[in-house]
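Spelled out, the chains give:
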Amino acid sequence: MALKTTRQAINEALAMEMRRDKRVVVIGEDVSGGAGTDGSRDAYGGVLGVTRGLLGEFGDSRVIDTPITESAIMGAAAGAAATGLRPVAELMFCDFLGVCFDQLLNQAAKFRYMFGGKVKTPLVVRTMIGAGRGAAAQHSQSLYQMFTAVPGLKVVVPSNAYDAKGLLIEAIRDDDPVIFCEHKLVYDLKSEVPDEAYRIPFGEANIVRDGEDVTIVALSRMVHFSAEAADVLAKEGIDCEIIDPRTTSPLDADTIAESVERTGRLVIVDESTPRCGVAGDIAAIIGERCFRDLKAPIRRVTAPHTPVPFSPVLEKLYIPDALRIAEAVRQTVAYAR
Amino acid sequence: MALKTTRQAINEALAMEMRRDKRVVVIGEDVSGGAGTDGSRDAYGGVLGVTRGLLGEFGDSRVIDTPITESAIMGAAAGAAATGLRPVAELMFCDFLGVCFDQLLNQAAKFRYMFGGKVKTPLVVRTMIGAGRGAAAQHSQSLYQMFTAVPGLKVVVPSNAYDAKGLLIEAIRDDDPVIFCEHKLVYDLKSEVPDEAYRIPFGEANIVRDGEDVTIVALSRMVHFSAEAADVLAKEGIDCEIIDPRTTSPLDADTIAESVERTGRLVIVDESTPRCGVAGDIAAIIGERCFRDLKAPIRRVTAPHTPVPFSPVLEKLYIPDALRIAEAVRQTVAYAR
Amino acid sequence: MQMSHERLKKAYRDMVTIRLFEERVQVEFTKGAIPGFVHLYAGQEASAVGVCLDLRPEDNIASTHRGHGHCIAKGCDINGMMAELFGRSTGLCGGKGGSMHIADMNVGMLGANGIVGGGPPLVVGAALTAKTLGTDNVAVCFTGDGGSNQGTTFEAMNMAVVLKVPAIFIFENNGYGEATGHSYAAGNTDIAGRAGGFGLPAVTVDGDNFFAVHAAASEAIARARAGGGPSVIEVSTVRFFGHHSGDAQLYRGKDEVARLREERDCLKVFRKSVTEAALLSADELNAIDAEVAQAVEDAVEAARAAPLPVAGDLLTDVYGTY
Amino acid sequence: MQMSHERLKKAYRDMVTIRLFEERVQVEFTKGAIPGFVHLYAGQEASAVGVCLDLRPEDNIASTHRGHGHCIAKGCDINGMMAELFGRSTGLCGGKGGSMHIADMNVGMLGANGIVGGGPPLVVGAALTAKTLGTDNVAVCFTGDGGSNQGTTFEAMNMAVVLKVPAIFIFENNGYGEATGHSYAAGNTDIAGRAGGFGLPAVTVDGDNFFAVHAAASEAIARARAGGGPSVIEVSTVRFFGHHSGDAQLYRGKDEVARLREERDCLKVFRKSVTEAALLSADELNAIDAEVAQAVEDAVEAARAAPLPVAGDLLTDVYGTY
Ligand SMILES: Cc1ncc(C[n+]2csc(CCOP(=O)(O)OP(=O)(O)O)c2C)c(N)n1
Ligand SMILES: Cc1ncc(C[n+]2csc(CCOP(=O)(O)OP(=O)(O)O)c2C)c(N)n1
Ligand SMILES: [Mg+2]
Ligand SMILES: [Mg+2]
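If you read the protein sequences in the order shown, they are chains A, B, C and D. Sequence positions in the first sequence follow the numbering used here and run 1 to 337. Sequence positions in the second sequence follow the numbering used here and run 1 to 337. Sequence positions in the third sequence follow the numbering used here and run 1 to 322. Sequence positions in the fourth sequence follow the numbering used here and run 1 to 322.
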């Protein structure tokens, strides 16, 4: 085992699966880069370098650069998946779903059901989410709620390198379309990652920290901010349990419910916007299941209902942080029925 | 006042606003029909005849047929709205958002914020929602949750002719982009509709029926099924209050909360799928606000987490109906903490 | 090269099957036996059959909302199709798909499609599978004149050229997208001409003439199998029914349909040409007509008698595991 | 027709402003004073300025992620722009938009755009406004070679032809979309040729030559104003910096940028041609250089000193009423 960044973990998962199964191909804009230029190939390896090196090992018939043409990329990947490949397509930023959503919403996601179960679509779409890099309104969203809302899609939101590797391998071996949401600011975070292949099943939440007073459910980067908040709160005598669902579809409501049955209190932390989001979704599910157990209202800590602002001073206020999480937890714990 | 269908009410609202303001134009596929043919113009007036007759009065410079090109339609409407028109664009079926979502999600919805408040986008997108006509997986969805999730969009889901007219006039006069979701099976429903223009403000729910035992929040066609259920339940001695939010963004949480403070019980009925939907969204909001008042868990009656099946026997099971609503209400009322 | 007797008969049988299937669907739909919406393919038979005759089961096609003809030409069982239209559990999709979503991967039918422009990107993918796995399969996409204006269609053509995949784009130009004329909807009405600008061979053929369609398709398929990349074929054709069953067709000229049925019926054209050239006799053709009529009748009977889906079916087939 | 002295000076001033603005942004970005991502326009100045010189404030343009040049050419205030890049509340968007979302409706600048292919449909709309309200305004869309492959772009061109609106599509072909060569990404690398197939006049011009760009734009604008409908202009041009500030540019040939700066600098070309023809003197040009350098310096100073947005700004400007 060695410390690896999430970027490395994802790259490793891709390489291992491509070695193992020649049907696995990577396709997207600048997944290698340098095609049709006088300079070097693999010049990008993905805009943030996540797929770098794959071209050298697997060649351009399996690491496929494309024009700027997201509908064709997603559609080609869906069509290839339905006919025998296991493509890992890249949607550079999740914000771009708007130019290609049909191929996921109405095509890939619906094939299995609408064709009476006779078509499998083992497609993985890797896409970047998250604010915090000053990338403004059209490159900073966390639109996993849109994917989670679509029956037929599975949605993965890894928070760390270890999970990213195991979940991506699982995604590639899964026979349904999977949207794999990578947070820009999680790429450089390190954790212990085994060199060999391993799978993390979908729908199994990770209990990141045990605690007795309050349950915090947090997604992706928010897991880390929640941990910061929990450290602070521990000093105040508040003992937080932190649960990382890892996949929003399927959602491991059981693990969350078991925790809330003990703690009686739930705070959900989600970097995305509040309306029809994953935080509200979990609140509704747990609010119903744990009605008798809840000692305080379920609180959601989310972005405001606005686009992502550019100016870093505003962006910082936009993104939920440890301070806001801690404050929400305090209020939840202090709540007296 | 006269009894009018929702179809008539919408048509009337469009005609009146077009008469009043020459900046209002209607644009979409076959909004009149017959362009470039040897037969008659206005041959369709919209696939379900909602815009019929507008061409004759306003001409083809204001009732604009287009190719099959939803991105260009939505984008042109957004660009026209930002530069001085007040377009009412038609997205024939909401299911088609997948081929044009970017122009709403990243363009129209974000202009005002991302440009620092300096651009207004008085755009209305009329679109059809709903299952129940055997139109299968790609023509039967109710994707208002996708629109509601987008900061910057307002979302209207009228359940009857009276509301449709007043809300559409409001939408056209509003300076923000509004998605106006028309249920296929609400078009033929009649109600009393004044001949003159009137506005129904956004974010004001309609209390369709007063009751003391349980609050039912229902959207669009589900309002009628809920009323059926309430009639049945009344005979069993269960007194239902029915609230039709009319707009999901903005959402009139106050009216719902006031009702739940009295009844202590809430059932939400939503024809759409359950994950990250409007039902869950309302459940999360009210669960938090009315925590002390709730005598039973908030129940959601929705479609299952599947695409819409074709066969009418399955489609009937898919759509929430009065039976399922009544059963959910009974369980909610019977719930003992 | 002269087509074999067997192939000629197969071509005719497939075309007649489409025609009689569609005419019967119209009747059943009007009676209320078929729910939802149906878009009939009658008039365009030479296109589907001319294109598909040289395809193998391993080759894939993607279709449109007007998909019955493509399904039949690609080898879908008409019993399974009819049952699907009737919403029965014996349908090709177990009754879950309906007219707009008939698919059968066993014969390479990747699905009718309710989204105009939905199919072209998918076909680039099916062609990519062939190229990547080194088979000589090809993938064919049917799109209408209306769909030729959709952005996804343009993207798919460019991508196919860039990736040099064995994809063939067929544009069935029947002059209408719903109630709108192609002459209005396309800034340049020459679909093949516009497509050719994307850097692939593009031709227009007379869709009333099965042999013309077949010749062009043959060439494109052979090129694609040999690694020569994608092509476009525009088929100029006609629609005998409305956009969907029940369409009042006010946008069509007076007597337009009657005239087309008289002058531009690809079945009549085929019959005339094969009988005049003494390739098939009237008796042989009539025998096929009768056979097919019976088969369609049987399909309707079977569909009518077939079981409906059961409640449990609502929740199956959405995820492999979840 | 010879351009007036004033207009020549304005053209030069705008081009130099873009160049010096971008070079300064590169410095400030590298220092860390500018957050996020910036895509610099240096090398392409003749395109923005050649196209915009004949535009009026009421004419609209839509731009791309590489928008600074278009903004300046259309008349955006560089103080407001620089402050926006610095994320200040005095920025053109109050600091909420940043480099990729600069807009100023007062001068007809409908926004830079972070979505490749986002602009073309919007411009069809701006042109529709002009047509519907009966003004003779036009609307211009800038798109890159990369963006020329996006479906929305194709749709917009077709729609513009169908609606006969005064829209002009400029394709700035700098040979790259990020790290991918245009020669790879486009099945047909002749952007204007492919666009011409959509049924509108389409030409290619030398983007190093301001006068060539201006002549083509003039013609297209005049045609659009007169009701003659949409046009396409492909401008062949060069990018002096990387895709974004900080790009290592490994995909570029050795010495490629140095050579381009030497041989294909539109400012040098302009200078040479106007001095040789004795239209402007070296002194006049130098004076402009100095003036602009000072203006850019002032913009940076002002931006640095400007106030940041305050917490309350987070929640404003999202709905007019809610
Ligand atoms: C994305 C999308 N837009 C619009 C529609 C509605 N629609 C269904 S078929 C059709 C016309 C298609 O015309 P064409 O491609 O020529 O095919 P044809 O019906 O003539 O076979 C339209 C507009 C749709 N199904 N999908
Ligand atoms: C829909 C979409 N896809 C991809 C991107 C990422 N991206 C930003 S700029 C760019 C390259 C654009 O190339 P081109 O159009 O040639 O413009 P240039 O950068 O050369 O000015 C890409 C791929 C994006 N912003 N939007
Ligand atoms: Mg057609
Ligand atoms: Mg470029």
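None of these hints come from the bench; they were simulated from the model. Check before you lean on any hint, since a few could be wrong.
[What the hints assert, rightly or not] Short derived list, chain B residues pointing at chain A, Cβ under 7 Å:
1. 16
2. 145
3. 288
[Unchecked claim] As a list, the in silico PhoX-like pairs of lysine-lysine whose alpha-carbon atoms are at most 25 Å apart:
4. B/235 with B/295
5. B/22 with B/190
6. A/316 with D/164
7. C/10 with C/254
8. B/190 with B/295
9. B/184 with B/22
10. D/268 with D/10
11. A/118 with B/295
12. A/184 with A/22
13. A/295 with B/295
14. A/295 with A/184
15. D/164 with B/22
16. D/254 with D/10
17. C/31 with B/316
18. A/184 with D/31
19. B/235 with A/316
20. B/184 with C/10
21. A/22 with C/268
Idealized CB from N, CA, C, for every residue including glycine.
Hint by hint, here is what the structure shows:
{"no.": "1", "hint": "16", "verdict": "31 Å, violated"}
{"no.": "2", "hint": "145", "verdict": "4 Å, holds"}
{"no.": "3", "hint": "288", "verdict": "4 Å, holds"}
{"no.": "4", "hint": "B/235 with B/295", "verdict": "22 Å, holds"}
{"no.": "5", "hint": "B/22 with B/190", "verdict": "29 Å, violated"}
{"no.": "6", "hint": "A/316 with D/164", "verdict": "46 Å, violated"}
{"no.": "7", "hint": "C/10 with C/254", "verdict": "35 Å, violated"}
{"no.": "8", "hint": "B/190 with B/295", "verdict": "36 Å, violated"}
{"no.": "9", "hint": "B/184 with B/22", "verdict": "29 Å, violated"}
{"no.": "10", "hint": "D/268 with D/10", "verdict": "16 Å, holds"}
{"no.": "11", "hint": "A/118 with B/295", "verdict": "45 Å, violated"}
{"no.": "12", "hint": "A/184 with A/22", "verdict": "29 Å, violated"}
{"no.": "13", "hint": "A/295 with B/295", "verdict": "14 Å, holds"}
{"no.": "14", "hint": "A/295 with A/184", "verdict": "36 Å, violated"}
{"no.": "15", "hint": "D/164 with B/22", "verdict": "20 Å, holds"}
{"no.": "16", "hint": "D/254 with D/10", "verdict": "35 Å, violated"}
{"no.": "17", "hint": "C/31 with B/316", "verdict": "21 Å, holds"}
{"no.": "18", "hint": "A/184 with D/31", "verdict": "22 Å, holds"}
{"no.": "19", "hint": "B/235 with A/316", "verdict": "56 Å, violated"}
{"no.": "20", "hint": "B/184 with C/10", "verdict": "43 Å, violated"}
{"no.": "21", "hint": "A/22 with C/268", "verdict": "49 Å, violated"}
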